[in-house]
Every structure is written in C-alpha cells, then in structure tokens.
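Using the hints provided, position chain B relative to the given structure of chain A.
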Amino acid sequence: MAANHQWESGRDHVVQSATWAPSRLPTFGCWDTEHVAAALPLGAPAPSDGALPAAALRELRRAPFGVYVHVPFCATRCGYCDFNTYTPGELATSPSTWLDAVRRELDLAAQVLGEPVPADTVFVGGGTPSLLGAAGLAAVLDAVRGSLGLAPGAEVTTEANPESTSPEFFAGIAAAGYTRVSLGMQSAAPHVLAVLDRVHTPGRPVAAAAQARAAGIGQVSLDLIYGTPGETSDDLAASLDAVLTAGVDHVSAYALVVEAGTALARRVARGELPGPDDDVLAERYEQIDTALSAAGLQWYEVSNWATSAESRCRHNVGYWADGNWWGAGPGAHSHVGGVRWWNVKHPARYAAALQAGRSPAAGREILNPEEQHTERVMLGVRVAEGLPLVALDSPSRAAADRAVSDGLLIAVPGDRLVLTRRGRLLADAVVRNLLAP
Amino acid sequence: MTTFADKTFTPPELIRNFCVIAHIDHGKSTLADRMLQLTGVLTDRNYRAQYLDRMDIERERGITIKAQNVRLPWQVNGVDHVLHLIDTPGHVDFTYEVSRALEACEGAVLLVDAAQGIEAQTLANLYLALEKDLRIIPVLNKIDLPAAEPDRYAAELAHILGRQPDDVLRVSAKTGQGVRELLDVVVAQVPAPVGDDQAPTRAMIFDSVYDSYRGVVTYIRVIDGRITPRDRIRMMATKATHELLEVGIISPDQKPCDGLGVGEVGYLMTGVKDVRQSRVGDTVTSERKGATEALPGYRTPKPMVFAGLYPMDGSDYPELRDALDKLRLNDAALTYEPETSAALGFGFRCGFLGLLHLEITRDRLEREFGLDLISTAPNVVYRVVRDDTTEQTVTNPADWPDGGVAEVYEPVVRCTVIAPSEFVGTIMELCQGRRGTLLGMDYLSESRVEMRYTLPMAEIMFDFFDALKSRTRGYASLDYEEAGEQASDLVKVDILLQGEPVDAFSAIVHRDAAYGYGTSMATKLRELIPRQQFEVPIQAAIGSRIIARETIRAIRKDVLAKCYGGDITRKRKLLEKQKEGKKRMKTIGRVEVPQEAFVAALSTNDPAQPANKRS
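Protein chains in written order, with our numbering: chain A, 493 to 929; chain B, 4 to 618.
Since the hints were derived computationally from the structure, they do not count as laboratory data. Treat the hints with caution; some may be incorrect.
Derived lysine to aspartate or glutamate pairs resembling EDC-like cross-links, with alpha carbons at most 16 angstroms apart [said to hold, decoys possible]:
#	chain 1	residue 1	chain 2	residue 2
1	B	K574	A	E857
2	B	K582	A	E863
3	B	K576	A	E607
4	B	K276	B	D328
5	B	K135	B	E106
6	B	K574	A	E862
7	B	K565	A	E751
8	B	K574	A	D769
9	B	K586	B	D316
10	B	K580	A	E863
11	B	K472	B	E425
12	B	K576	A	E877
13	B	K582	A	E862
14	B	K574	A	D814
Only chain A is shown next, with the shape it has when bound in the complex:
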C-alpha cells in the first residue's frame, strides 16, 4: 500500500553515497529478495484508457489538486517496511524505464482530466526518492511541469534519507524547484535504529536538516518512529531533543506497526522481540505531544505537528480534506471526485501497461454517498480543524455528545468537533461510535 502513504520516512534507505544516479542503481550488490508489500484493495476493474466519469471530473476544481509520484526503489529493505518498494536484485526495471513510464502516466493524466490542471502540491515518496539523486528528482518535477503543469506557489516535497543527502543534493533539488523535504530520522538511539535495520551516522539527520535549510529549502520535516521494541522513554526523549535541536518546522511521529509479512513480524512471532504494547505507545505519544507542544510545534493531524499553519504539509492535508490528486508510479493511489483507483504494484507490469498505451490502474471504486460520508468522518476527525457538526446526523450527534462528555472530543467555535489528546489516541474508536452509534 505503499504509494500514497506519504509516510515520509521509512522508505528512504541507507546508501553509501549521496550522489547515486538512477542509472547506477542496478549495480547494487547486496539485496533483500523478500517481497512483502501489502496487498492492494479489491475493487471494480478500471477502464484501460483510464477514463473517469464526468461527474467525478466536475469535482476537479472544487479542491486543491495534488500530484504524488511513487519511487519504488530502495537500496535494501528494512525489516519493518511493507511498502511497495524493491531492491535492485528484485527488479528488472531500471530507474530510467520507471521514469519513462511515469512521464507517460502523467501525460495520460493530462489527457484523462481533459484540460491542464496545474498541481498545487507535488509529493515524491517511496521507496527512497533520494536514491534518484538531485538530477533524477529534477527530471520527475520536469515531467509534472511538462504534463499537468505546476501552479504558482506550489508546494513540492520529496522524501529523503539523511544518509543519501549532501549540501550539493539539497542545492540541486532547491534549484529544480523543490520547496520542502521530509527526512527520515526514526530515532536518535543506535539500538532502536538497529532493530529497524537503519544505520545512521550519529547526528546526520540533524545536520541534513540544517543543510537543507541552508540550501534554501523553506520547509524541512523530520519523522520519528516510536514504540520500537527496546525503545525507552529516555531514548525517545533523546530523539525529541535532537529533533528540536535541528530546528525543523514540521515533525511526523508514527507508532511502530508490526505489519504482517515483514521480517519484523517474523521476529516478533518467534519471540525474538516483544511486540509493541498499546499502553506504552499511548504514553510515548503523550510524551511526544508534550515535548513538541512545549517547543511550539502544534498538532494538526493525529501524527503530524507543525510550527505554524504555513508549515503544514499542504499535500497531505489534501488527503484528509477530501482533495483530488493523481498518484503516478507503481502501486500509487489516486482520488478524483469520489473515484479512487490504484495502479498495479509491480514496476515491470506498470511500465509495460504504459508502454502499450494502457492505463496502469489495477482497480478502482466509485464511492457511493454513504461511503463518501464514512470517509469524510474518518478523515475529518483526524485533523485539528476538526469535523464540522453539520456532517453528522442526529444519532451521530448523540454519539458525539457522549464522546464530548467522555473527554474524547471538544466542541470548538464554528460548530466543529476536535479530538482531545486522549481522543486522538482513541480516534478510531471515536469514528466507529460516530458512524455506528
């Protein structure tokens, strides 16, 4: 399920040099042959020409439009990762074949949407986008410009692995037009990184953040994984100190999820590592929220904090605010006006479809009003703006009242319901109660 996740870290992986060019990727020598990427949803067949219903297209201008590009390459696979990504030994497709296919898909997008729809946001995720190098990332952005176009003032983000960045890399992407970088830090504790199969030079993420800013990248984010087996409260405190020292304007923090089929899941199943404990995860979340709030980073989504409204990731906000976006690349998900579709996952099949002039979509669903309502509640409740009360019918409002009296929601001016900190930790339960009162 990799594509659009925008889990802004965790996909970029360790490489030895900051200057890998796409063409050099297949020469990598140590490969993880396991393939664990999570399954795509089941849906209806998608038309081979990628056509969208007219009703969906009419919704296109209603909300900001984003473009997501999925980079399915990693140097090695981390033990906890179930994203749609491939190490060189697993893959016959070269980065240049992939880039060619992405260009074709973006051209298809322009054709399907019927008119130029300049992207308000672009997000390059993976995988490990920084493996493409500054030149590769510039080529990706050029492909967007040359097809759908880029709106004035667009937010353009790439994920990056601190170890594969350098001042030259940041200068290169800044020059290409990238305005935002999201660095995968995960933790400052070496033993935690070891469990995650990540190896950082101590202090490297913090240094990378400084280099990015120095290169003129206006928005820099770091992300953390908490609840890793063996991580103590002190380890997390040290990670938070490092994040705050770096002076970034944005932080994402994710509870470690042991995804089925990963090496980590097997280690937990064998008893080599304890599984994450929900009560501990809750304490860690509170620790993070307390530390970041005190330092002036306010939550704006359950797992995201920013120093100001301007520092938020506009691209990700689009996912929660019922926005439209086209996801290009293997396994990428898209949404336009109540139609969701997703591409085939394997890069070779993906490229082959586009070479044959077909849409790479594997399946899609056209949401009915009830499903759209479910999604609006499910996503809207996660953000700090909260859920507009008008979105709820009267049984749901009664459930909301109970959640308010239980201290999980608060009603804020403007008739919106916002999760309390305890409520954020129980957001899924709150949603269930709102939808099935």
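Frame of chain A; chain B shown alone:
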C-alpha cells in the same frame, strides 16, 4: 419372517415380560441384538447392530433414551412361549419412564459388565425393580474379555441380592455364549402375567413416541381385558378419547394384529400428533364400559431444571421456536416459554427433567435442526416464602424477589455414589463441600463401597460429576433421585457491568458460595470483555451490597498512526467491517460485549457436561 408369536391373544401363562437393567455400555443393546437373532426375529441378513437403539444420538453416545420393546418367540421343552423384552431408558433423568417400563414387567435381567461390576445407576434401577417385586436374574456380561473378573463380581452381585454366586449367570452377548440359557431361565423364573380377561380393559402406557409419518405410536402393556382395532379408547388421566386406527406388536418392526390380550405388550395408534395426548403412565381403557379405576402410579412429568436457550444468531429465533415445537411432539416432559434477555436477546426458558435431558435436547436442536445455541447456567426450582407469607415459585433468577424473603426452599436429591473404597475420603470431602449430608455407606465388596448422600440439587448441576470423576480417576459412578426440599440460606448474586446487571449471569447460590461465584465470574469477564474507551467496573452484588469487584482498564490507544492517500480505502473497508461486527455486540449499559464473551463465560461451567460424560 413370521413366527407363532405373530399371533396375539396368547394365554398369559405362556407370556414372560422382562426388561434388562444395565449401565451404559455394559452391553444391553448387544444382548438384545443377540436375543433377536437367537429367537429368529431378526435374521442375520437384516441384522443391524444394536437394532433397538434407533436414534443416532443414542447410538453415538451409547445410551438409550427412549424405550423400545420387542416380542420374541421362544420354545422351552417343546412349548411355545412369548417373551416381551422391554427396553428401559438408561439414564437418571428418566427414572419415571424407567419405573413405568418396570411396571410392565414381571422380571428383570440385571446385566453387569464382568470387568467393571455394578454401577450406581444400575443399583438405583435395581432397587426400583425390587420395590416392584420383579424377579431379578443376575447376569455377568463380557465374560470373554481378558479383564473380566466374573468370580469377584458374581460375589458382589450375590452380596447385593442376598443370593448365591452360583445364581449369577455368565454370558457373552458379543459371542452369544450363554444367551440361550439365559432365555430359558427367563421362561423358568419370571412369573407369567396375571390379569382378568373379562374385566374392563386396562392397559398401561409405558412409552409414547412421535413418528413423523405415522403420528404418535403408543406402547402399552395390557393388564386386564383386551384391546382390539376399531375400539374407541379413553386415556383415563387426560380423559381424551380416540379411535384406534391400529393395534400391533413389534417383532422386530411394527406388525398390525387383531388385538392384545392380558399380559401382552404392543403398540397402538390413534392418529394423534402430540405425545402429550398419550402420556407415559396413563391408563388406556375402552370408551364404553370402560374401567372406573386407573392403574396406580401416573404422574405428570415435572421439570426440575430450567435454563434459557438462545440462538447464537438472533435471526434464528423463529427456527428455534419451530424446532422446540417439533421436539415437543416427542417429548412430553419438555416445557418452554419465550424469554428476553438484555444480554442474549430473544430465546426460550426451557424446563427439563434433569441435566441429561437438557443436554440431549440442546444437542438435538443443534444437530437435527442445525441451530447454534447458547445456554444460560441451569437452575433448579425454588420455593420462596415472603415476609407476608405468600409463596412464589422461582424458575428463573430474574424472578427472584428483591426483598422481603422470609424463607427459601430448594430441591434436594438423594445421591448414590459407587466407587473403589480407597476414594471414600475424597468423596466425603467433595460431598461435604457441596453441602451434602451422609446418609449411609455400604461395602458392596471388600474393595467397593456405596455411599448415600442428600445434596441440594443445585449443587450437582455444575461440575459435580466431573469433580467426582477426576477425584476418583474415573472410577466413581453416580445416581440421584429427587428427595423433597429443604430450607436453605440462598441469595441471588447479580453480576454488574458498569453498574448494570447482566441478566444472563445472575445466579442463585448459597450465601457461603456467593463470594466465590462473584469473584470467579468477575475475573472471567475481566479476561473476556475487551477493553473499552472508559474504565469498566465488574461487580458481583447481593441486592445492593457489592461482594466482589474487578476492573477492566480503559483502552488508551485505538488509532492507526498513518492515514494517507493509499490507506484510505483499506481503512474505510476495515471500518465497514467493524461496523458490522458492532452489530453483533451486545450492549450492556454502554459496555460493548461480544457474543463470544457471553458464550465463553457461560460455557466454562458447562452445566450439562456431567450428564453428558456420565458413563
């Protein structure tokens, strides 16, 4: 095939009516099969193992639930005799049916496994037979087994009966060894029936079975007069009159005949569709010039044990009702009425003769009607005397009065336990723990002892038999019979979730056991109920007094960390699935309890297990 026995109105002096008293798996059915073959009623070709046990459940469990009977020709010294073998139900819950079957006989074969010796229920049925002055023919079966100890158990039987070990016959029903001799002894020793051929007709119903093709088949033993087809008959207790559509004998299948005379056993059919119209123990007489005095001993079956039966899936409720309606046709003792439980939904409060009856009924509902059921813990019937001296019968803890209880009476049973004598101490400990009173103890032999206790019926309903079996390494056998009632200090313990009582878990227990019940239930529920968004206290209470408490800690985290573009569809689908799952949750107050939690909490003390495992 036809034999001389197919012709009825046999002179009583040539008739022998007998039954076989045996413990489950001591070989009664095999012996019956062998008798059918030896008398030529069943040829080898149509021999079907354990012919008399017709129902699948019976065969699987190796127990006989409903009596069958068969008419056998047997020649001794050139004289044709007619033997009626009356098969008796083998279980404690059906004591009344057993007593009616015994009433139809003049003799009984006491069949005992030569490797195991007599068991408690056999002994109980033997005492019943002795009370009715039946001629007892002691027989050791399975003498071909290597583990057989015929001398030891012959001595034991001789001791119990006050006879000589030589009087005990030795057979192997499996090989047929000794079975001819046994039939000869039946003819020689069992008295012929006595009755008045000229008196108004009186026949006793000793079994009544519903057949979906033919309606109710009623098994009778004629005491006086005669019964012929096309007579109009009257049931003396129910006062119902019927036209006889058919009278017949069983040999080995139903064969219509010209009628039945004094001492004869057979069946009749009236076309009725419900066994309640043809009740076991009732007296059949002719409508005109009928008898004025019924045969003694008729009793309406009285449910002793009550439990709520609920469909696991609430939408199966109509199916459960239809299934109970059908079972009722063949089970005069089954009672039920609709009941609603906040925890379990719509179901039925059912009354049973005992635990096996409950278990068999539930089993048949599940097996024959494809239902998935959940049963509340069974309870006995209480007589509650209020402060204002009014009385109330409580068959459901929900009906227990909130206050003003002056006295409570609970049913007691007389229990017989037979076990190797080394377990006397253990058994005493167990019975005392269950509020038992020792009535007496007899050594059946040097190494086996019979102990008699009175126990509150409620105390043997849960795990008593399991406890007995496990403490005696499986050697003990148990029998019980009703023995009136006693005043006891009983209370109702409610289990509360967040202050709301859960009806399915309320129980009436002795005051001394209240704390134990409350604690164990609260602990169990704490494990079974998933954590909620708030802390959930689980309390056990007598009235408003809390006697035990556990807490389900509030869940602190229930949120997926990542929810980006590619997660949305998967997450929505999961949510839709959870919404479906939520429909299957029962809500007690605000606490959501999965159905499985109720099932697990109620089945751990599976009440019917003792009966089920009894063997």
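These are the hints, each one checked on the structure:
1. K574(B) <-> E857(A): holds, 14 angstroms
2. K582(B) <-> E863(A): holds, 13 angstroms
3. K576(B) <-> E607(A): Since the Cα atoms of K576(B) and E607(A) sit roughly 33 angstroms apart, the hinted pair is violated (cutoff 16 angstroms).
4. K276(B) <-> D328(B): holds, 12 angstroms
5. K135(B) <-> E106(B): Judged against 16 angstroms, a Cα distance of about 7 angstroms means the pair holds.
6. K574(B) <-> E862(A): Status holds; Cα separation ~15 angstroms.
7. K565(B) <-> E751(A): At roughly 12 angstroms apart (the allowed maximum being 16 angstroms), E751(A) and K565(B) satisfy the hint.
8. K574(B) <-> D769(A): violated, 21 angstroms
9. K586(B) <-> D316(B): Status holds; Cα separation ~11 angstroms.
10. K580(B) <-> E863(A): holds, 13 angstroms
11. K472(B) <-> E425(B): holds, 14 angstroms
12. K576(B) <-> E877(A): Between K576(B) and E877(A) the Cα gap is close to 25 angstroms, so the pair fails against 16 angstroms, i.e. violated.
13. K582(B) <-> E862(A): holds, 13 angstroms
14. K574(B) <-> D814(A): OK: K574(B) and D814(A) at ~15 angstroms, within 16 angstroms.
The structure is inconsistent with the numbered hints 3, 8, 12, although it conforms to all the rest.
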